[in-house]
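If you read the sequences in order, they're chains A and B. Its first residue numbered 1, the first sequence is counted upward by one per residue in my numbering. Its first residue numbered 1, the second sequence is counted upward by one per residue in my numbering.
Think of the hints as simulated: they come from the structure by calculation, not from any bench. Cβ atoms here follow ideal geometry from the backbone N, Cα and C, with glycine treated the same way. Don't take each hint at face value.
Stated by the list, open to error - 30 angstroms max Cα-Cα, derived BS3-like pairs, lysine-lysine:
1. B/K441 x B/K487
2. A/K383 x B/K329
3. B/K335 x A/K325
4. B/K329 x A/K379
5. B/K117 x A/K325
6. A/K263 x B/K530
7. A/K348 x B/K352
8. A/K278 x B/K352
9. A/K383 x B/K335
10. B/K381 x A/K199
11. A/K383 x B/K276
To be verified - Simulated DEER-style distance windows between Cβ atoms:
12. B/N261 x A/F429: 33 to 39 angstroms
13. A/E521 x B/Y274: 24 to 30 angstroms
14. A/L77 x B/R258: 38 to 44 angstroms
Take a look at the letters that make up each chain.
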Amino acid sequence: MKTKILLICIVLTAFILRFFDISGSPPSLYWDEASLGYNAYSIATSLKDEHGEFLPLARFSAFGDYKPPGYIYAASLSVGLFGLNEISVRLPSVLAGTGMVLLTYLFVRIFFSSQVALVAALFMAVSPWSVHLSRGAFEANLAAFFNLAGVYCFLIGFRKKMSFLLSMIFFVLSFYTFNANRIIAPILILGLLFLYSRKILQNLSVLIITCILGAALLIPSISFLFSRESKVRFQEVSILTNLVPLETSNMRIAVDENNWIGKIIHNRRVLYGLEFLKHYADNFQGRFLFTKGDANLRLSIQDMGQLYPWDLLLLSVGLYIIVTKYRQIGSILALWILTVPIPAAFAKETPHALRIVSILPTFQIIAAVGLVFIFRKLKGKRKVIGMIIASVILSFQLFYFTHIFFNHYPVRYSGAWQYGYKEMVNFVFNHINQYDNVFVTDKLGRPYIYFAFYGKIPTDTLLSEEDAQRDNFGFWNISKIGKIHMTLNGLSETSGKTLVVSEPGHLPEGYKKINQIINLEGNGIFDIGNNL
Amino acid sequence: MKKFLLISIFVLGIVLRFWQLGVNPPSLDWDEAAIGYNAYSILHTGRDEYGSFLPLSFRSFGDYKPPLYVYLTVLSVKVFGLNEFSTRFISAFLGSLSLGVGYFLVKKLFPEELWWKYSLFLFLFAISPWHIQFSRVAFEANCALFFFLSAIYFFLLGFQKPRFLFASALSFALSMYSYHSPRLVIPLFLFILFFLFRSFFTRNWKVTFSVVVFFLFLTFPIVSGIANSTSARFGSVTIFNENEILTAPVQQQNIDKRNGNLFGALMYNRRVIYAKAILGGYLDHFNFDFLFLNGDEAFRHHAAGMGLLYIWEFPFLLLGLIFLFNHRKKYPFVKVLFAWFLIAPISSSLTKATPHAVRSLLYVPTHEIFITVGLILILSKVFLEKKLLRYGFFTIVTFVIFANFYYYLHMYWIHTPIEYAREWQYGYKQMVELVASEEKKYDKVVITYRYDQPYIYFLFYEKINPLWYQKNWGGGEIDRFARHFGKYEFRNLDWAVDSQMRNTLFVAVPSEIPVDVSGIIHTVYLPDGKVAMRIVAR
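Turn these sequences into a full structure, and let the hints steer you where they fit.
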């Protein structure tokens, strides 16, 4: 009973940390969030995506970056219920992050006492990594929820056979939600099957049904996965398109005068392999985990690591305890932790908090084991003192994170979140009736999605009024919606009453500045002018 | 068998450290050249290049080098003359001796084990890329490592015969006279040792007290001289004097203060900022990339394409760490090992360029010990298995170890001298020889500063009389990028102006002078065929 109340409190805390002031920090929607949101709206209202495709299953074209469908369908529910706004776009991520706290408890409960499970859930609830990513519309965070649910259902499958099916469904959902999970899910499933091969063989029939189900669910995505378009995005970020290892390999082979041994040891595959290993290991850098966090301004507050500093101690202790005492959960966690960074390691920017977020809540579980073990070593009075110290440290760290996250982060990094588009778009829509034409600079990237989003333009109107082309890389370029031009080109050939939105100080000659959009730090984002 | 094996491993270690010592790394870097010339100067005049009599820190480039390596090099310069070999000799010599000390130290740490286990350690230490790298260059850190190892060995002996504690104190002190980073690491380490063995020290309080006094007496000159020596060096490399690390936090703090959120303002306290920076720097030393793949950012600190340890060693390192921690009760001295492992990177973490293979060199032997333990653990498990498995495993492990060893040697001897030649200031020696053969015809020689500190190579390779130089170096403060003595002028060229000078010899990097300039009489090439410097006569 007490456990239940505590658990409810923890989950509630988790929800509050993820939901409180959700449209205030992060301060605005960045491109991908706006795109996910509009596509969700489009699905909810017309069953078509922004480009008019009927219920896409394999992928959404979106900007031409081919977004996986999972998050958009999840968001179409919340957008359908609550309308198109920041909160409804981010809601699936908030709920996924909160759900992971509950699942963490359930998962840990399989192996440990409710004490450890509660601590793990608490650590997950206050984890800066999870809180941060749960507050933006990040597909990866939803995929991490599915991933955790998949692992959990697999493990309880030995008691309730049907949950094998459920596990497969969750893994498939993660597959459809985030690109990295297309690699993570199969490896994790194979790994789990291997770890439990003996038990699995006793349940062969269930296994076969599950595999058939999984395969069937993947059918809609197969043609896309093998198409050229799915590779474009991969090549854009891949280390394999980096030419330096290739050049080094050639240079060294030449120095060795093309002898066979040089050709073996300086083979480019060896060098690319080492490169992969470097990027893989980057995800375990101490600086990334404990002091600096992800370098991407959208993915961390920049002032602390992905974990709390004291996790360094708790993880060391917990890791030692698990390795020496708890082989079963140890092997599962090892499989999990080692699998998740594999897809991220193929990309240039590492470490990457988002691409490896499916690694949660493994670190929190290990830290919880560490903390509980330390407390078991303490007796009597010392235990009480220990608890007080631990609570003080945890509260201090939580305060550190929340203080910076709510007070400083949104102001200091509002630019990284494309702050200003909403204000600009609302201004334009409020005044649009007075003008014949509107010209908006595209220097800040993809303005059309914000007009579609905040104008709540119905899909059919958008499709009939937009002027869309695709470039050589397959990216969509929307240059015009109705009388709003998404570029300043052609401005000089236009006559009539015109409203212009430009970068600060770049209003063309003959236009009078009537408004200025500033970001939260007070720097100009847009100048708005007209020729009336 | 036992002796033969030990001796051959030891010989292997010596060969790896001494073979072609003056030839690879391909040239002396400026610190090595400075150490060599200052030793030469001490040998002949008792004074350093600036004329200070037997200094306790060498001013050199203004970096105030610790003294011990220079003084030891006096001996080798005396015997072998002033050249690359004699400059690097002490490092190779002490590096080889370190193998022996390491061997006996491990015997003390883990007494009564089978002999082949100690030999395995000796072998891994002997072929360690990290240790070989710094045993083949005149870097003071390697000298510090030797004394540090000896000090720990004597410290352990001290538990049986307390008088060895004096030898230990002496060795610790010598280590502090060898290099900057032990000056922080050793005091910290000693505090921990006192704490760990407090009952022993309180029981033998008389000896303890006299050892402490002895140690303080030995290190007093360092403490009193710290104002000009270590702190000068520290000031130039530390994170603490960096404005940029505090500017942004102070801005954020001011926002909190303006909003009256004083508790919030505490979060941007500079102690918090520094603590994070130190922790980050410290953790960098445990990066996989640093240890196993690419080493640190300075190319002089590792072979091309190699980290500091062999990549196969990684799983055994983890295994050894966990195993030893698990069995810490069995070996009373293993806590020394853990303290050493955890403290050694600390002074390096206070500096900007982290991770840093030289500043953290002290912890090389601990890695080798953990790896050995991990490997032994697996080997002894496998020995109990079936014959086929046993031999199969043994073959694979041997193959992997030797393949990696071969790769390292190949990279170190074939590719590194070519790829990293410029990092070793390759070309200065050739340039000095060419200039020396031409300079009689000219009134003035102007040499570019683009590759930094060219003057030391003239002192070194022309063996300029120290007595003469001590009187003619100019005196006072020295501009970072300009020096002159005799007919030599060291500064960056301004070709528009300089090309008007007559009867002058110029040494320039390719980017400083037009490609088609007339009067190029010599060109110095790097091993990869690129131009290092051009010598132009006007």
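Next pair to validate is B/K117 with A/K325; report whether the Cα-Cα distance is within 30 angstroms.
Holds: B/K117 and A/K325 sit about 27 angstroms apart, inside 30 angstroms.
Verify the proposed pairing of B/K381 with A/K199, using a straight-line Cα cut of 30 angstroms.
holds (28 angstroms)
Is it true that the CA of B/K329 sits at most 30 angstroms from the CA of A/K379?
holds (22 angstroms)
Please test the hint of 24 to 30 angstroms on the beta carbon pair from A/E521 and B/Y274.
holds (26 angstroms)
C-beta pair A/L77, B/R258: status relative to the range 38 to 44 angstroms that was hinted:
holds (43 angstroms)
With the threshold set at 30 angstroms, check whether the alpha-carbon distance from A/K383 to B/K329 stays at or below it.
holds (25 angstroms)
Does the structure keep A/K263 and B/K530 at a Cα separation of 30 angstroms or less?
Given that 30 angstroms is the threshold and the Cα spacing comes to 24 angstroms, the pair holds.
Measuring from beta carbon to beta carbon, are B/N261 and A/F429 in 33 to 39 angstroms?
holds (36 angstroms)
When you check the alpha-carbon spacing of A/K383 and B/K335, does it fall within 30 angstroms?
holds (26 angstroms)
Verify the proposed pairing of A/K348 with B/K352, using a straight-line Cα cut of 30 angstroms.
Cα-Cα ~25 angstroms, so holds.
Given the hinted pair A/K383 and B/K276, is their Cα-Cα distance within 30 angstroms?
holds (29 angstroms)
When you check the alpha-carbon spacing of B/K335 and A/K325, does it fall within 30 angstroms?
Judged against 30 angstroms, a Cα distance of about 22 angstroms means the pair holds.
In this structure, every one of the numbered hints holds.
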